[in-house]
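With these hints in hand, go ahead and build the complete structure from the sequences.
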Amino acid sequence: MRKQYTAELKAQVVREVLREEKTLGQVASEYGVHPHQVAQWRDKVLAGLPELLSRKGEDKRAAQATTHEKQVHELYAEIGRLTTELAWLKKKAGYLDQPK
1 MRKQYTAELK AQVVREVLRE EKTLGQVASE YGVHPHQVAQ WRDKVLAGLP
51 ELLSRKGEDK RAAQATTHEK QVHELYAEIG RLTTELAWLK KKAGYLDQPK
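Numbering-wise (this note's numbering), the sequence shown opens with residue 1 and increments by one.
One thing to keep in mind: the hints can contain errors.
[Stated by the list, open to error] Using C-beta positions, here's what the derived DEER-type ranges look like:
| # | residue 1 | residue 2 | range |
| --- | --- | --- | --- |
| 1 | Gln37 | Ala93 | 23 to 33 angstroms |
| 2 | Ala47 | Lys91 | 50 to 60 angstroms |
| 3 | Arg81 | Pro35 | 47 to 57 angstroms |
| 4 | Ser29 | Glu85 | 30 to 40 angstroms |
| 5 | His73 | Gly48 | 25 to 35 angstroms |
| 6 | Gly25 | Glu78 | 46 to 56 angstroms |
| 7 | Tyr95 | Lys56 | 48 to 58 angstroms |
| 8 | Glu8 | Lys56 | 24 to 34 angstroms |
| 9 | Lys22 | Thr83 | 55 to 65 angstroms |
[What the hints assert, rightly or not] Derived PhoX-like pairs (lysine-lysine); straight-line CA-CA distance at most 20 angstroms:
| # | residue 1 | residue 2 |
| --- | --- | --- |
| 10 | Lys70 | Lys60 |
| 11 | Lys10 | Lys44 |
| 12 | Lys22 | Lys10 |
| 13 | Lys44 | Lys56 |
| 14 | Lys3 | Lys44 |
| 15 | Lys60 | Lys44 |
Honestly, the hints are just simulated from the structure, not real lab data. Note that the structure is predicted; figures quoted are calculated from it, not measured. Ideal placement from N, C-alpha and C gives every residue a C-beta, glycine not left out.
This is the structure in structure tokens:
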């Protein structure tokens with residue numbers, strides 16, 4: 001089974017590496033992570049920094065949040081429709097009139 005690391009641990013490890021007080025190998029052994037994995041996390045963070053700090057990144061995150069909220073609203077509306085439909089079908093089938 002593969003180890004799964006939390007985002008907080010990954011961020012902490014990358015912060016340690018970026019401080020450059022210890023070598024990548026020292027940080028990796030301290031946290032019990034393979035050095036190659038630490039290097040991948042570091043590279044991913046460094047590659048994502050420009051987008052994180054750019055205006056386009058903010059606009060993209062805002063658009064994603066809006067899309068997510070719209071999708072959640074549509075799903076809740078569908079749940080409401082289906083619940084109403086199920087209640088109507090139960091009533092028509094006589095399930096609601098039967099004593100328990």
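Checked hints:
{"no.": "1", "hint": "Gln37 / Ala93: 23 to 33 angstroms", "result": "57 angstroms, violated"}
{"no.": "2", "hint": "Ala47 / Lys91: 50 to 60 angstroms", "result": "57 angstroms, holds"}
{"no.": "3", "hint": "Arg81 / Pro35: 47 to 57 angstroms", "result": "53 angstroms, holds"}
{"no.": "4", "hint": "Ser29 / Glu85: 30 to 40 angstroms", "result": "59 angstroms, violated"}
{"no.": "5", "hint": "His73 / Gly48: 25 to 35 angstroms", "result": "29 angstroms, holds"}
{"no.": "6", "hint": "Gly25 / Glu78: 46 to 56 angstroms", "result": "52 angstroms, holds"}
{"no.": "7", "hint": "Tyr95 / Lys56: 48 to 58 angstroms", "result": "54 angstroms, holds"}
{"no.": "8", "hint": "Glu8 / Lys56: 24 to 34 angstroms", "result": "27 angstroms, holds"}
{"no.": "9", "hint": "Lys22 / Thr83: 55 to 65 angstroms", "result": "57 angstroms, holds"}
{"no.": "10", "hint": "Lys70 / Lys60", "result": "15 angstroms, holds"}
{"no.": "11", "hint": "Lys10 / Lys44", "result": "11 angstroms, holds"}
{"no.": "12", "hint": "Lys22 / Lys10", "result": "16 angstroms, holds"}
{"no.": "13", "hint": "Lys44 / Lys56", "result": "18 angstroms, holds"}
{"no.": "14", "hint": "Lys3 / Lys44", "result": "19 angstroms, holds"}
{"no.": "15", "hint": "Lys60 / Lys44", "result": "18 angstroms, holds"}
The earlier numbered hints that this structure contradicts are 1 and 4.
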